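**Student:** Each chain, written out:
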Amino acid sequence: MVTGDHQTLALLLFSAFVAVTLGITTWVSRNRHGSTEEFYAGGRLFSPMENGFAIAGDYMSAASFLGISGLIALYGYDGMLYSVGFLVAWLVVLLLVAELVRNCGRFTLADVVAARMAERPVRIAAGTSSVAVSVLYLVAQMVGAGSLVALLLGGTGEAARTWTVIGVGALMVIYVSLGGMRATTWIQIVKAVLLMAGTVALTVLVLIRFHGDIDSLLSTAAERSGHGTAFLGPGLRYGGDWTARLDFISLGLALVLGTAGLPHILSRFYTVPTARAARRSVVWSIGLIGGFYLMTIVLGFGAAALIGSDEVRASNASGNTAVPLLALDLGGGAGSTGGTVLFAVVAAVAFATILAVVAGITLASSASVAHDLYASLRRPDGRQYSEVAVARVAAAVIGAAAIGLGLLASDLNVAFLVGLAFAVAASANLPVLLYSLFWRRFTTRGAVWSVYGGLVPAVLLVLLSPVVSGSPDALFPGVDLQVFPLQNPGVVSIPLGFLAGWLGTVTSPEPPDEARHAETEVRALTGAGAV
Amino acid sequence: MEQLDEQERAGARDDGAATGVPRPRYDEAGHRTPGAAEIYLEVQRSPAFQEVRRRYRRFAFPATVAFLLWYLAYVVAATAAPGLMARPVAGAVNVAMVAGLGQFLTTFLLTWAYARHARLRRDRAALELRWDTQEMTRGAGQW
Chain A
1 MVTGDHQTLA
11 LLLFSAFVAV
21 TLGITTWVSR
31 NRHGSTEEFY
41 AGGRLFSPME
51 NGFAIAGDYM
61 SAASFLGISG
71 LIALYGYDGM
81 LYSVGFLVAW
91 LVVLLLVAEL
101 VRNCGRFTLA
111 DVVAARMAER
121 PVRIAAGTSS
131 VAVSVLYLVA
141 QMVGAGSLVA
151 LLLGGTGEAA
161 RTWTVIGVGA
171 LMVIYVSLGG
181 MRATTWIQIV
191 KAVLLMAGTV
201 ALTVLVLIRF
211 HGDIDSLLST
221 AAERSGHGTA
231 FLGPGLRYGG
241 DWTARLDFIS
251 LGLALVLGTA
261 GLPHILSRFY
271 TVPTARAARR
281 SVVWSIGLIG
291 GFYLMTIVLG
301 FGAAALIGSD
311 EVRASNASGN
321 TAVPLLALDL
331 GGGAGSTGGT
341 VLFAVVAAVA
351 FATILAVVAG
361 ITLASSASVA
371 HDLYASLRRP
381 DGRQYSEVAV
391 ARVAAAVIGA
401 AAIGLGLLAS
411 DLNVAFLVGL
421 AFAVAASANL
431 PVLLYSLFWR
441 RFTTRGAVWS
451 VYGGLVPAVL
461 LVLLSPVVSG
471 SPDALFPGVD
481 LQVFPLQNPG
491 VVSIPLGFLA
501 GWLGTVTSPE
511 PPDEARHAET
521 EVRALTGAGA
531 V
Chain B
1 MEQLDEQERA
11 GARDDGAATG
21 VPRPRYDEAG
31 HRTPGAAEIY
41 LEVQRSPAFQ
51 EVRRRYRRFA
61 FPATVAFLLW
71 YLAYVVAATA
81 APGLMARPVA
91 GAVNVAMVAG
101 LGQFLTTFLL
111 TWAYARHARL
121 RRDRAALELR
131 WDTQEMTRGA
141 GQW
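Quick mapping for you: the protein sequence lines, in order, are chains A and B.
Every letter in the first sequence is one number past the one before it in UniProt numbering, and letter 234, counting from 1, is 234.
Every letter in the second sequence is one number past the one before it in UniProt numbering, and letter 62, counting from 1, is 62.
What the hints contain is simulated information worked out from the structure, not anything from laboratory work.
Please note that the accuracy of each hint is not assured.
[Unchecked claim] Beta-carbon label-pair distances, calculated as ranges:
#	chain 1	residue 1	chain 2	residue 2	range
1	A	Pro121	B	Gln50	29 to 35 Å
2	A	Pro495	B	Pro47	35 to 41 Å
3	B	Arg121	A	Pro509	54 to 60 Å
4	A	Val20	B	Arg116	35 to 41 Å
5	A	Pro509	B	Leu105	25 to 31 Å
6	B	Val89	A	Val393	56 to 62 Å
Given the structure is predicted, the values throughout are model-derived calculations rather than measurements.
From the three backbone atoms N, C-alpha and C, an ideal C-beta is built for every residue, glycine too.
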């Protein structure tokens, strides 16, 4: 499938992207002071449209671009369930989180909670869970980068994969530590535009091939999938026994509730001046993300109809190459100039996507380390380093850790790792955030309990799940620690996070601080005193 | 490192100066300066604020419950009743396809409705409250 021409052109396009983004990084970081406002929030003066594109860029990962279309090409309708969950999640962000978080916080999730609680324990708890979520998500993207290289550039050898992971990690550390939020935001915007343009072009080509007739696209896809009309209904992938079905409901819950707890998404709201601008950026991003996922559905069914499910599966068992194969076919087939160009464009866009997402998460997690953990844990009499300096070092350390873990976990499924990050975010970050914003009686103990009460079960249930041990395709197939039957812990750990927060609050010896609750509520809804 | 420290302190000073907005201050023991606390409590009790909060909650809470139930119903139906979802509607399009696209459509509609509601019914009142509250906290001699 991959010829020398593809490789050369894809590498050229990708190098151009790296050059442009490095240019952006040096350009925006000239004459900038190393203030925290600048480093974490990019000066807070992005427009809603710019931030909307950047949010979309932060959110649409290669896992969605290649993974969801691939799942649809293989399993038909069941792949669509992912796109719906990823989009509906934004309503939670829009209605309950975006504006209020913009008004109450400065840089991180912990800011919002700490405003009405005892600062130190809350910051340590929320900082820890934010770093945990970010690292999980980061590892997923690094693994994705590694397998993408192996798939698209034909570098099946371990060496190519290893060097890609190291290269992606090194680049993102450079972006983040030199350019901070301003450079990261512009990289997201460039990436979102490239990704949308590539997806629109492919979608239009698919629709032209079927003369705009969706019905014939669907029936051809059903026919060539080998499953007939069952391809267009649910059940091919998640139909099995009740464990598999419950597992899917668990994943669905994690997807819809996790987005509002992702640290790199929350930190994006601080880059605009007001809550109104934060709301308008979410409206922009819902439009972009919704359009994107609608198009991935067309691409998935298009790949099934034009390539055939069996051929997609033969190229890559989990369907990740469906879109590149489709591009090759739409451009005129293997060996044609059009096919080569389209294929290279898709490969380059996928790389750009991973690089941008990785930069966004690294920035958010370095902010959690410096602004929450370091600021709470440093000794008052010790040597004082500036927060930005700590954040830069943290970005490098997190980058190194993600490279290491990404190499170790290179055999894990990317979509699964992403689902896991969402489950931890929904269990540990969302309950404490919603309670802080909406519950008058919420106390410090409740906040700390709700973070750990969601984080610990989520991580523990994963360790005891069939993913880690006790099944043939587990991480450690040799040992058997498996107690929990589901792959995704969401359905258990998310309610536990909410329950722990409630329990901690009602058993608190201290009364809730009425005055600081009043302050949080007034600031959240009016924007008074917002930075 | 020392140089960065300088810059950061300068940046921190800029925060307040640039926006003219006081950040809540806490004294050494972590208690807040008296004055601002009463002001926020007073604003919270004021009818104007209660109205803004009521308008926000009366839209956001029912809408959240509604879309979460609709989404959960969709996921549960897809996993528990694939037969029903596979029933054809028109041509190759079946119930599952309509429900999935329906999720997209309701998400777009609710986004539009919420943005419109906030713009027309909440933004102006919230902005007035913001200036009033900030006037009062400044008057309290915080900064």
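**Student:** Take the hints in turn and mark each one as holding or not.
**Tutor:** Right, here's what the structure says about each hint:
A hinted range of 29 to 35 Å holds for the C-beta pair proline 121 (chain A) and glutamine 50 (chain B), which are about 32 Å apart. Between proline 495 (chain A) and proline 47 (chain B) the C-beta distance comes to about 37 Å, which sits within the given range of 35 to 41 Å. The given range of 54 to 60 Å is broken by arginine 121 (chain B) and proline 509 (chain A), whose C-beta atoms sit roughly 41 Å from each other. Checked against the given bound of 35 to 41 Å, the beta carbons of valine 20 (chain A) and arginine 116 (chain B), roughly 38 Å apart, stay inside it.
In this structure the hint that proline 509 (chain A) and leucine 105 (chain B) lie 25 to 31 Å apart at CB is violated, the actual value being about 50 Å. Separation of valine 89 (chain B) from valine 393 (chain A) is about 58 Å and conforms to the stated range, judged on CB atoms against 56 to 62 Å.
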